[in-house]
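Trainee: Start from chain A and add chains B and C according to the hints.
The chain contents come next:
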Amino acid sequence: MKRSTAVALALSLGSGGAFAESGASLDTDLQAVSPVLDHYSRTRLADDLWKRNDLSPRDRSLVTLAAVIARNQTAILAEQLELALNNGVTPAEISETIAHMAFYAGWGNAVAATTVTRAVFNARNINAAQLPEAEATLLPLDDKAEDSRATRVQNNIGTTAPGLVKDTTDVLFKDLWLRPGLAPRDRSLVTVSALIANGQAQQIPAHLNQAMDNGLTRQQASGALSHLAWYAGWPNAFSAASVFKTVFEQRASK
Amino acid sequence: MKRSTAVALALSLGSGGAFAESGASLDTDLQAVSPVLDHYSRTRLADDLWKRNDLSPRDRSLVTLAAVIARNQTAILAEQLELALNNGVTPAEISETIAHMAFYAGWGNAVAATTVTRAVFNARNINAAQLPEAEATLLPLDDKAEDSRATRVQNNIGTTAPGLVKDTTDVLFKDLWLRPGLAPRDRSLVTVSALIANGQAQQIPAHLNQAMDNGLTRQQASGALSHLAWYAGWPNAFSAASVFKTVFEQRASK
Amino acid sequence: MKRSTAVALALSLGSGGAFAESGASLDTDLQAVSPVLDHYSRTRLADDLWKRNDLSPRDRSLVTLAAVIARNQTAILAEQLELALNNGVTPAEISETIAHMAFYAGWGNAVAATTVTRAVFNARNINAAQLPEAEATLLPLDDKAEDSRATRVQNNIGTTAPGLVKDTTDVLFKDLWLRPGLAPRDRSLVTVSALIANGQAQQIPAHLNQAMDNGLTRQQASGALSHLAWYAGWPNAFSAASVFKTVFEQRASK
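Quick note, the sequences are listed as chains A, B and C, same order. The numbering of the first sequence is the numbering used here, which starts it at 906 and goes up by one. The numbering of the second sequence is the numbering used here, which starts it at 906 and goes up by one. The numbering of the third sequence is the numbering used here, which starts it at 906 and goes up by one.
Just to be clear, a hint being listed does not mean it is correct.
No distinction is drawn between identical chains; accordingly, a pair holds when it is met within one copy or between any pair of copies.
Okay, derived cross-link-like pairs now, PhoX-like style, lysine-lysine, Cα gap no bigger than 25 Å in a straight line [said to hold, decoys possible]:
#, residue 1, residue 2
1, Lys1049, Lys956
2, Lys1079, Lys1049
3, Lys1150, Lys1071
4, Lys1159, Lys1071
5, Lys956, Lys1071
6, Lys1150, Lys956
7, Lys1079, Lys956
8, Lys1049, Lys1071
9, Lys1159, Lys1049
Because the hints were derived from the structure by calculation, they are not lab data.
Excised from the complex, chain A in its bound form (with noise of 0.2 Å):
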């Protein structure tokens, strides 16, 4: 089921009608209610965003569909879906990412998104010996830096919230982070790019230096805050930005 690079690109932005399982036909709906977006989404998503240097494709697509599943817009999912495996996003990566928004979105947002993978997996005959398995083997851990990780959280609010603290630290530390599917690169950028579209400016730091310690760029960590003022809005995409200035001033200060 390939596809040409432009029929992509024209994925990215509700126009995906076409190939939806459903029938639906997105792109008129667009041209029905709003001829700007539809204009839009041509010559600004398509023509201008999805094609710029500081970010790649692919990228952009983890980017994208971390903020899609964080913000439940089931609506663009099955478009986004597509995009992201022409894109080169490999199905585990997205599995991988789904998994990871369980955690970073919460519960229901993955779940609904399962439901809609599904479809777009079983269209391209995606089945499960492309999938990561449940118990993979896992990369090794930086027990320093887990432990300094650790030490920080219990100080804080381990009289709080002990079982927090305690799946924090089984669950998303000693597994899921080390879960061989999704480079730590990319599951820092998918988690910043939740966090961004979610509005959670409080928790941006921690994970956008971890990120940039994993290997995400100051370019490609801009390209993310740029590309999600379109899929998270603008405002979310501001208060990051003050957030993100910070980081970067401070990382080049040491």
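Mentor: Just chains B and C now, with coordinates in the frame of chain A:
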């Protein structure tokens, strides 16, 4: 498809079932599950909130549409669209409000809204001739104000997110905000409503000031805030109220 | 329609498909798209989180329902309603929780919940006789506490949003909170849960204090917070945790 005011008001509260395209009967759901919400919908919403003098029914509909789209509450969107049309919001204004929300609440929210809106428009025989064109003759730009805004943003986050800064100028302030299909005062009203609805208090002062500069009275702003408690929840209204208070006081002391 | 505890617990995790009215099979979606989430749902949710001693299964269900409604996660609402009924939450309490969420998460969230709930109620032959009436005999008002609250709010935002202040008194504190269908301690629990679930940290201290004044223990509050990490996402739980810590410390030092 003229309807009485009483019916139109009834439509404001999850009781628009009789008119829903799908045959789903929301009012019956309310009655069947929560008799008290059904009771409030008549005594507190239809017979009280929507009739208060601090905001016109037409403005209440704009405010509610913005909140419902910004929060992706598609369950009550069809009935709110019906009510808006009955309250004098034009199809062109609805179209522009949806486009505006793509930027202030995220692309996926707007796309989801177009699907519901298309069905409502079709049922009323509203067609493309009644909607704003993609490329309209723009309102004149206030060069001085725009230079001041652009300079401030550039100084703030110009090196952090150059792509975002560019899109903010080119797409938002030199295009979207100048489109004639929705008056600047109304664009400000739906923008502030979206910010309240999504708990983005940090972004409220600039837009509330702009709204009042654009002609929104203090009484109307206050009425919109009180109205939104019902559609965006009390916590969002209370968080916004302290911001509104500060803005009102700063403007009064000038 | 009695079910075993094991099945009831399994229902907590997006694996309630076999019982869904629609025939949709969420558990199969999880398995098909994210084997690890399916694995976590059994090992981490059903066999661990839902069995912890810091919060009863019945309270966990109230907390989860509040979060799911507050975040409009309708994809897992039906299974959570089934689980809640199995855990001892009464139909009357579910009805009142939905009404309460209309005010603490927005009218549209409650309306969307009634549609799903009606189907679950119908399948269990739950009828109007088991639900609270619209106009119930109210619990006695604590005049002194209410005067103090009303005076504080009036001084704060009385001139900013008089309509909001009036509705807060008349509808919320002299009506909704006094309805007998849900105990004050439980209303506080679902209110705090909704605030955590929607990232409204600013509003948490007043309601958490009220919850504990209403009988919620520190251990239960902590358990609810840890529980919500799973259903509202880790970032919301962590942002709330520092607020909980401050409230716990302030109460301990009194």
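Trainee: Indicate, hint by hint, whether the structure satisfies it.
Mentor: For each hint, the structure was consulted:
For the identical chains of this complex, Lys1049 and Lys956 are neighbours neither inside a copy (40 Å) nor across copies (32 Å), given an alpha-carbon limit of 25 Å. Within a single copy, Lys1079 and Lys1049 get their C-alpha atoms as close as 13 Å, which meets the 25 Å cut-off; across copies the closest is 51 Å, which misses it. Only between protomers do Lys1150 and Lys1071 lie at most 25 Å apart by alpha-carbon distance; the minimum there is 16 Å, versus 33 Å within a single protomer. For the homomeric pair Lys1159 and Lys1071, neither the shortest alpha-carbon distance inside one copy (33 Å) nor that between copies (29 Å) is at most 25 Å.
Taking CA atoms no more than 25 Å apart as the test, Lys956 paired with Lys1071 passes between copies only; the shortest distance there is 15 Å, against 43 Å inside one copy. Only within a single protomer do Lys1150 and Lys956 lie at most 25 Å apart by alpha-carbon distance; the minimum there is 24 Å, versus 44 Å between protomers. In this assembly of identical chains, the alpha carbons of Lys1079 and Lys956 lie at most 25 Å apart only when taken from different copies (22 Å versus 37 Å within one copy). Taking identical chains as interchangeable, the C-alpha atoms of Lys1049 and Lys1071 lie at most 25 Å apart only when both belong to the same chain, with a minimum of 18 Å there against 42 Å between chains.
Taking the closest pair of Cα atoms, Lys1159 and Lys1049 come within 25 Å of each other only inside a single copy of the chain (21 Å); across copies the shortest separation is 39 Å, beyond that limit.
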